[in-house]
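Colleague: Sequence:
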Amino acid sequence: MVIIVFYFSLLGLLFIGAVFVIIRKKLNINTAAMAAVMALGIVTQGVLLNFFGLSFYLGSVGKIMSIADLALWMAILVSIGMTIYKGEFKKLHYDNPINRFGIGTWVAGTSICGIMFFKQFGAGAEAQALAILNGGLWIIYIGISLMGFKELKETSFGQQAHGVLLLTTVSTQSLVLLFNTVFADVPGVLNAALIFFGLLFYSISAWFILKRYAVSGWNYAKDWNNTNCIFHGALSISGLAMFKSGLVTHQPAAWFWLAVFLVFIVIEVIEIARLVWRIRIYGLKEGIFTYDVTQWSRIFTFAMFFTFTFFIETPVQSVVLNTGVWIILMLLIIELYLSVDSLIKKHVRIPLTFRKERSV
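Using our numbering, you'd call the opening residue of the sequence shown number 1 and step up by one each time.
Calculated directly from the structure, the hints in this document are not laboratory data. Fair warning: this is a prediction, and the values are worked out from it, not measured in the lab. Positions of the beta carbon are idealized from the N, C-alpha and C atoms, including for glycine. Hints may contain errors.
[Said to hold, decoys possible] Now the in silico label distances, taken between C-beta atoms and shown as ranges: (1) 4 x 214: 31 to 37 Å; (2) 26 x 316: 46 to 52 Å; (3) 13 x 342: 21 to 27 Å; (4) 214 x 258: 51 to 57 Å; (5) 6 x 124: 20 to 26 Å; (6) 146 x 20: 33 to 39 Å; (7) 85 x 9: 24 to 30 Å; (8) 85 x 192: 49 to 55 Å; (9) 85 x 197: 29 to 35 Å; (10) 342 x 189: 41 to 47 Å; (11) 311 x 55: 18 to 24 Å; (12) 251 x 345: 21 to 27 Å; (13) 213 x 26: 34 to 40 Å; (14) 289 x 219: 16 to 22 Å.
[Claimed, not checked] Quick list of in silico lysine-lysine cross-link-like pairs, DSS-like style, CA-CA up to 27 Å: (15) 345 x 285; (16) 153 x 211; (17) 26 x 86; (18) 345 x 91; (19) 150 x 211; (20) 345 x 25; (21) 285 x 26; (22) 90 x 153; (23) 222 x 345; (24) 90 x 150; (25) 91 x 222; (26) 285 x 222; (27) 25 x 90; (28) 26 x 91; (29) 285 x 211; (30) 150 x 91; (31) 25 x 86; (32) 244 x 26.
Construct all of the structure, not just a fragment, from the sequences and the given hints.
Modeller: Written out as structure tokens, the structure is:
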């Protein structure tokens, strides 16, 4: 009982501290800021828990990391509520048809928090209520996204399409994982429908993104977005959702994993080429060590591929797990440092879709 009180007291303190920073720094939280919650959540629940086992799960490290993530999630929700109160929600989160796809991080971030509530703290009824509310948020988000796809087709915004569109898939498949974690019996037809629509959204999003890059005149350094790594992240969470829901057996899941692995290789080769070009053009600090909220998507996608790989036996499974965990932790440490450094300098960036990216 004392331990539970300690953890929830810590949650309250971290939440209050995060809200204080938001108010004190007058931060306008980016629409896709919940990507940080997604990344921290999947690193905690998918990477560290699976790699280090129950000692991490039952120990204080896992609990504290989960609490920090939950506090961040709650603080971002308060920030979103403040934009509604101030009448700024539409301008900050909706007006730009590409930027509004970032709302998908709210669904996916809430899904991972619901899973943490259930697994780490045994909050069954609370997690189930959160899952139902999140399902409602997902319905609203998909409606918004469908209108967004229509606008991308009919306006010049389609020429700016990037991986943020794939959050339609990520958010959808995150519901499958959430529902199958907090509810004892999820209807197979519901799992199948959500996974189908998630893959359908992936096809639509990929068409818009590839159409943009099919034309000539773009370069790796300036026009390839951080969020494009969600190409493999969205597939990884789809494969995990299919496997964990029982929709597919191990063998089909293994073939799907192979497809994800090939996409992972292609995207990361482009990412490495982009890294080299950015260092040559902007230098080391400006090219790769400048904070941008979209960098969290890389940690999320790497961690999601790691998690999917953990459940699928392949010839390279041990290599991916034993090297991947340290790469992910390194990326997380760097990103946390850049985040704190950005806050200290009070360097608040305008939403990504209204500017060119300057960082990896």
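Colleague: Now look at each hint and say whether the structure bears it out.
Modeller: Now for the hints, and whether the structure bears them out:
A hinted range of 31 to 37 Å for the beta carbons of residue 4 and residue 214 is inconsistent with their spacing of about 55 Å. The hinted range of 46 to 52 Å is satisfied by residue 26 and residue 316, whose Cβ atoms lie roughly 47 Å apart. Separated by about 22 Å at the C-beta atoms, residue 13 and residue 342 satisfy the suggested range of 21 to 27 Å. The beta-carbon spacing between residue 214 and residue 258, approximately 25 Å, falls outside the hinted interval of 51 to 57 Å.
Remark: the range hint 20 to 26 Å for residue 6 to residue 124 is upheld by a beta-carbon distance near 21 Å. Roughly 38 Å separates the CB atoms of residue 146 and residue 20, a value that falls within the hinted 33 to 39 Å. For the pair residue 85 and residue 9, the beta carbons lie near 28 Å from each other, so the given range of 24 to 30 Å is met. Roughly 40 Å separates the CB atoms of residue 85 and residue 192, a value that falls outside the hinted 49 to 55 Å.
Separation of residue 85 from residue 197 is about 33 Å and conforms to the stated range, judged on CB atoms against 29 to 35 Å. Residue 342 and residue 189 have their C-beta atoms about 45 Å apart, which keeps the hinted 41 to 47 Å range intact. Taking 18 to 24 Å as the suggested C-beta distance range, the pair residue 311 and residue 55 conforms, at roughly 20 Å. At roughly 51 Å, the beta-carbon separation of residue 251 and residue 345 lies outside the given 21 to 27 Å, and the hint is violated.
Judged by the Cβ atoms, the range 34 to 40 Å given for residue 213 and residue 26 holds: they are separated by roughly 36 Å. At roughly 21 Å, the beta-carbon separation of residue 289 and residue 219 lies within the given 16 to 22 Å, and the hint holds. Note on residue 345 and residue 285: the hinted pairing holds, with a Cα-Cα distance of about 15 Å set against a maximum of 27 Å. A distance of roughly 11 Å separates the Cα atoms of residue 153 and residue 211; the hinted pair therefore holds under the 27 Å criterion.
For the given pair, residue 26 sits about 13 Å from residue 86 by alpha-carbon distance, which is consistent with the 27 Å threshold. A hinted pair counts as satisfied when its Cα atoms are at most 27 Å apart, and residue 345 with residue 91 qualifies at roughly 25 Å. In summary, the hint linking residue 150 to residue 211 is supported, as the alpha carbons are separated by about 15 Å, within the 27 Å threshold. Proximity of residue 345 to residue 25 is assessed by CA-CA distance (about 10 Å); at most 27 Å being required, the pair is judged to hold.
Our distance criterion of 27 Å between C-alpha atoms is met by residue 285 and residue 26, whose separation comes to about 26 Å. With a C-alpha separation of about 21 Å, the suggested pairing of residue 90 with residue 153 holds against the 27 Å cut-off. Taken as a hint, the residue 222 and residue 345 pair is honoured in the structure, with Cα atoms around 25 Å apart against an allowance of 27 Å. Among the hinted pairs, residue 90 with residue 150 is consistent with the structure: their alpha-carbon atoms are about 18 Å apart, no more than 27 Å.
Of the pairs offered as hints, the one joining residue 91 and residue 222 holds, with about 26 Å between alpha carbons and a cut-off of 27 Å not exceeded. Distance restraint check for residue 285 and residue 222: the Cα-Cα separation of roughly 16 Å lies within the 27 Å cut-off, and the hinted pair is therefore satisfied. Distance restraint check for residue 25 and residue 90: the Cα-Cα separation of roughly 21 Å lies within the 27 Å cut-off, and the hinted pair is therefore satisfied. A distance of roughly 16 Å separates the Cα atoms of residue 26 and residue 91; the hinted pair therefore holds under the 27 Å criterion.
About 32 Å separates the Cα atoms of residue 285 and residue 211, which puts this hinted pair outside 27 Å; it is violated. Proposed proximity of residue 150 and residue 91 is supported: the alpha carbons are some 19 Å apart, at most 27 Å. This hinted pair checks out: residue 25 and residue 86 have alpha carbons roughly 16 Å apart, not beyond 27 Å. Proximity of residue 244 to residue 26 is assessed by CA-CA distance (about 41 Å); at most 27 Å being required, the pair is judged violated.
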